[in-house]
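Student: In case you want the letters, here they are:
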Amino acid sequence: MTAVTPLDQHVGVGLKAPGRLRQETVWGLILIVPYLVLFLAFVLYPVGYGLWLGSDPKTYIRLWRDPVFFNAVVNTVVFLGVAVNVKMFLALLLSGFFTHEQRWIRWLSIVFILPWAVPSIPTILSFRWMLNAEWGMVNNLIFRYFQVEGPVWLLNRWSGLAAVCVVHIWKYLPFWTLILLAGRLAIPRDLYESADVDGAGGLQKFRYVTFPSMQNLYITCTLLSTIMSLGDFNSVYLLTGGGPADSTQTLATLGIRYAFGMSEIEAGVSTVVIALPVMIPLLFLMLRRMRRGEQG
Amino acid sequence: MNRIWKEGRLVLVAIPLLLWTLIPIYHLLVMAITPKSETFAGELWPKQPTIENFGIVIHQGHYYLEHFWIQFANSAFVAVMVCLLTLAIASAATFAISRLRVRGGVFVSNLALATYLVPPAFLAIPMYKVMANYELLNTQWALILTMVTFASPYAIWVLKQYADKLPYELDEAARIDGAGPMQIFRLVYLPLMVPCLVAVGTYALLLAWNEYLYAFLMLSSETETTLAVALGQFLSGDEAPWNLLMATGMVYALPPAVIYYVFRRYMVSGLTAGAVKS
Amino acid sequence: MASVNIEAVRKRYGALEVIHGIDIDIPDGEFVVLVGPSGCGKSTLLRMIAGLEEISEGVIRIGERKVNDVPPKDRDIAMVFQNYALYPHMTVRENMGFSLKLRKAERKVIEERVKRAAEILGLGPLLDRYPKQLSGGQRQRVAMGRAIVRSPHVFLFDEPLSNLDAKLRVQMRTEIKALHQQLKTTSIYVTHDQIEAMTMADRIVVMHDGIVEQIGSPIELYDTPANIFVAGFIGSPAINLVSGVLRRNGNRNWVATEAGIDLPLGEVKAGQDGQPVVYGIRPEHLVPANGQGLPVKVEVVEPTGASTFVYADLSGAQICGVFTERHGFHPGSTIHLMPQMDRVHLFDSKTGQRLSA
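Chains as they are written, first to last, in the numbering used here: chain Y, 4 to 299; chain B, 14 to 291; chain A, 18 to 374.
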């Protein structure tokens, strides 16, 4: 017998108690209607509208012939593959670092969270100016100490894309570290103690205790981060603006560019719709994982 | 000796971590106190640091800053409205789903969860068209409603998890004590949800304050738009006054940073509950 | 105050019936305990009385009023929950006064009644604390206080003591009983603990798998259990039950076990020679006898101080005996135990019902 009975154990219980039927059902409906209205008006309608706008196959043929679009697809895949995985792996390592209980590490964690706590616009713009090829602090210092011209960071497709990845990782690393840290702290301490008793070393403890307990969380986080990063508009738009010559566009920014820069609404929507075959399975996978997490 | 070695290893991680975290913020700060003459010098520390830039921002003393305070107020208004609306909608919905166990409630919470997983940037174009159809474009309500749409799924997801853990007997005790549904909502549910409401409210507030894309799409008039858009506007000319941009950016970043650190404890628990649970 | 009548009550969840028609009459002022193993439907029945569950079939009356369709708040009942269900954000005072506040009672009235309830329960100094600042026993008392503030017609208790440690449980048991003697409010108390039931109840309702096995005073249930289930459920350590065949030969009766042991019987009114039966004798009704009675091999000896439990083997059947004298039995030794003839219970093997009753 637990001290607190969670609701789940009451499935079916109390649903039809006397006097509930009218009053509670009515109130339940009244209270849920605002969200339903919001959902219908601002989720279902736009989604349907978007799918309708993106339903012309000719648009896709045109997109496929556009080298900018092809580049954007490649960029998106590279961005997700590199930025997400590097970020998650670093987060996994750093979450271990932050489990140490020294006071100075606590203080460090407060500083470490800054990129996540402050809005991204000023910091991304700070990166942008810092990496400016002619006037930026980075190249200026390179010239001063090495007497060579620094790279044209944001004016080249691959270094620009790399910079986008760095900015993305810089911004979101604290968040995922926090999540994985919570996961690590949830591992029962006695598992480590019994591993100690069994004579396991640091690496072995990671291999046999930490990793198996974190595996599931790590995968869920990576999937979730992939979906969210797919929609990372700011890191690209505010850093490179998709340039030079649209070579660093990703699907998220290119869609906006088609629609609002070139007034090609259908092309813009289709750019996003193209990602759906990848996104929808991911979404269902995540839904299943998160719902299971909720019940477990 | 062993302890020093252990601590030393931690320091070896900490130093690069600190540099990595602080360099862009340091650069932001340095530019914000750089006088106009040195903006293009790219120095590690300005020769003549100044706080004049902040004065220009506060007194709206530049072409890009003409409407600074109005835009600041716009940002605040939008953020507060999004926060309040999200709290109202999500707390009502989760009460209905989790406590009143309304029919179809689980379905609605799954809808919300699915919405949470859709990247907002992907909905930008149709959302823009839909707002045009509703004739809400160029009003702050377009932005507010959009942000509520994106904040409330997360809010519902987190609140529901928290609400599901409240002992059901509390509601039953209240019913036996004579409380109706709305009294349970007001007198039992809301007070018990306060920590979670703080987390969710802060999340919504910051989400709205920080939003760039939708603000930029939906608000075009300079006096209607938010600070985020105003910051982006600096880049529209050929030569942006980077020092002023950074000073404005700092003023813009300060309120959310303060709010974040004040409610950090709640935020962290909310985020960890909301992002993943497995 | 009021009587409670339960008539042919059934409970179904969809196609699944969990309560199969129950009749209980509870006169005004009685303390009734519903007892049974978990899943027997006792809590569901209590929740139907409270109005937290719909009644699928049958009638429940509180006083003379049929309450099937009356919401909980209008039934004039109070309930104490297993986890106390105290509102964590309210002080003890606010917790206790909440129901009166909802009923829009005057502040003075609320204050006065909370104060009186607090006095009865010794909660005076705790009124301004929050539940989390209280010990388990104190929380329990506040939960009771919240119930008595309203002076309801019926108190309902849903396993109120199961979250307390053993010592407090015994203490609260006495307090609840004393409180009932003082207030004389009809009380229905659910527990899975037969000792709680025995010590507190005016009458016990033993439930099992959604039916009532027996209703009676604690002593009735102990002395004349209606069936094997009740016999096994009431009493600790549990009654010894041995299967065998009833033998009647003139005025000599006994039960022959498969292992070839003859279990002695006194006078037997019912049952025929050759009928398969279950022979029941409580551990405390076995008496050590020199050379006579049943030869058993001692396996485990558990001295508790006041008495000694002896677990022994009777040709394959485990037998328990409880002795207040200190016999100094040793594991491995063979002793003889004699059942007190007038304390033997006989049950029909097939129906499980009591013979000879």
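Calculated from the structure, these hints are not laboratory results.
Check each hint, because a few of them may be wrong.
[What the hints assert, rightly or not] Calculated from the model, a selection of chain Y residues having no Cβ within reach of chain B, i.e. all distances over 10 Å:
1. Y63
2. V81
3. W107
4. S129
5. E137
6. W138
7. V155
8. P177
9. P191
10. R192
11. Y195
12. A198
13. D235
14. A248
15. M282
[Stated by the list, open to error] When the alpha-carbon atoms are kept at most 27 Å apart in a straight line, the in silico BS3-like pairs for lysine-lysine are as follows:
16. A:K118 x A:K90
17. A:K149 x B:K178
18. B:K49 x B:K60
19. A:K90 x A:K194
20. A:K132 x A:K201
21. B:K142 x Y:K208
22. A:K314 x B:K178
23. A:K184 x A:K194
24. A:K149 x A:K184
25. A:K125 x A:K201
26. A:K201 x A:K118
27. B:K19 x Y:K61
Here a beta-carbon is modelled for each residue, glycine too, at the ideal position from N, C-alpha and C.
Student: Now tell me, hint by hint, if it's right for this structure.
Tutor: Hints, verified against the model:
Distance check for Y63 of chain Y against chain B: the nearest CB is about 16 Å away, which clears 10 Å, and the non-interface claim stands. Every C-beta of chain B lies more than 10 Å from that of V81 of chain Y, the closest at about 18 Å, which supports listing it as non-interface. Non-interface status of W107 of chain Y relative to chain B is broken: a Cβ of that chain comes within 10 Å, the nearest being about 8 Å off. Non-interface call for S129 of chain Y relative to chain B: violated, since the shortest CB-CB distance, roughly 4 Å, does not exceed 10 Å.
Non-interface status of E137 of chain Y relative to chain B is broken: a Cβ of that chain comes within 10 Å, the nearest being about 8 Å off. The claim that W138 of chain Y lies off the interface is violated: its Cβ sits roughly 4 Å from the closest Cβ of chain B, which falls inside the 10 Å cut-off. Listed as outside the interface, V155 of chain Y is consistent with that label: its C-beta sits roughly 15 Å from the nearest C-beta of chain B, beyond the 10 Å cut-off. For P177 of chain Y, the condition that its CB be more than 10 Å from all CB atoms of chain B is violated, with the nearest at approximately 8 Å.
In this structure P191 of chain Y is separated from chain B by more than 10 Å, as the shortest Cβ-Cβ distance comes to about 16 Å. Its beta-carbon lying about 18 Å from the closest one in chain B, R192 of chain Y satisfies the requirement of being farther than 10 Å from that chain. For Y195 of chain Y, the condition that its CB be more than 10 Å from all CB atoms of chain B holds, with the nearest at approximately 16 Å. Every Cβ of chain B is farther than 10 Å from the Cβ of A198 of chain Y; the closest lies at roughly 18 Å, confirming the non-interface assignment.
Not every Cβ of chain B is farther than 10 Å from the Cβ of D235 of chain Y; the closest lies at roughly 7 Å, contradicting the non-interface assignment. With 10 Å as the threshold on Cβ separation, the claim that A248 of chain Y sits away from chain B holds: the shortest Cβ distance comes to roughly 17 Å. The non-interface label for M282 of chain Y is inconsistent with chain B: the shortest C-beta to C-beta separation is roughly 8 Å, within 10 Å. With a C-alpha separation of about 13 Å, the suggested pairing of K118 of chain A with K90 of chain A holds against the 27 Å cut-off.
Between K149 of chain A and K178 of chain B the alpha-carbon distance is near 17 Å, which keeps this suggested pair within the 27 Å criterion. Among the hinted pairs, K49 of chain B with K60 of chain B is consistent with the structure: their alpha-carbon atoms are about 12 Å apart, no more than 27 Å. Note on K90 of chain A and K194 of chain A: the hinted pairing holds, with a Cα-Cα distance of about 25 Å set against a maximum of 27 Å. As the CA atoms of K132 of chain A and K201 of chain A are separated by approximately 20 Å, the hinted pair is consistent with the 27 Å bound.
Note on K142 of chain B and K208 of chain Y: the hinted pairing is violated, with a Cα-Cα distance of about 54 Å set against a maximum of 27 Å. Only pairs whose Cα atoms come within 27 Å are accepted, and K314 of chain A paired with K178 of chain B is rejected, the gap being roughly 53 Å. Our distance criterion of 27 Å between C-alpha atoms is met by K184 of chain A and K194 of chain A, whose separation comes to about 16 Å. Our distance criterion of 27 Å between C-alpha atoms is met by K149 of chain A and K184 of chain A, whose separation comes to about 21 Å.
Of the pairs offered as hints, the one joining K125 of chain A and K201 of chain A holds, with about 26 Å between alpha carbons and a cut-off of 27 Å not exceeded. Between K201 of chain A and K118 of chain A the CA atoms are separated by roughly 25 Å; this keeps the pair inside 27 Å, and the hint holds. Pair hint K19 of chain B plus K61 of chain Y does not hold up; C-alpha atoms about 63 Å apart against a cutoff of 27 Å.
Hint compliance for this structure: hints 3, 4, 5, 6, 8, 13, 15, 21, 22, 27 are not met, and every other hint is.
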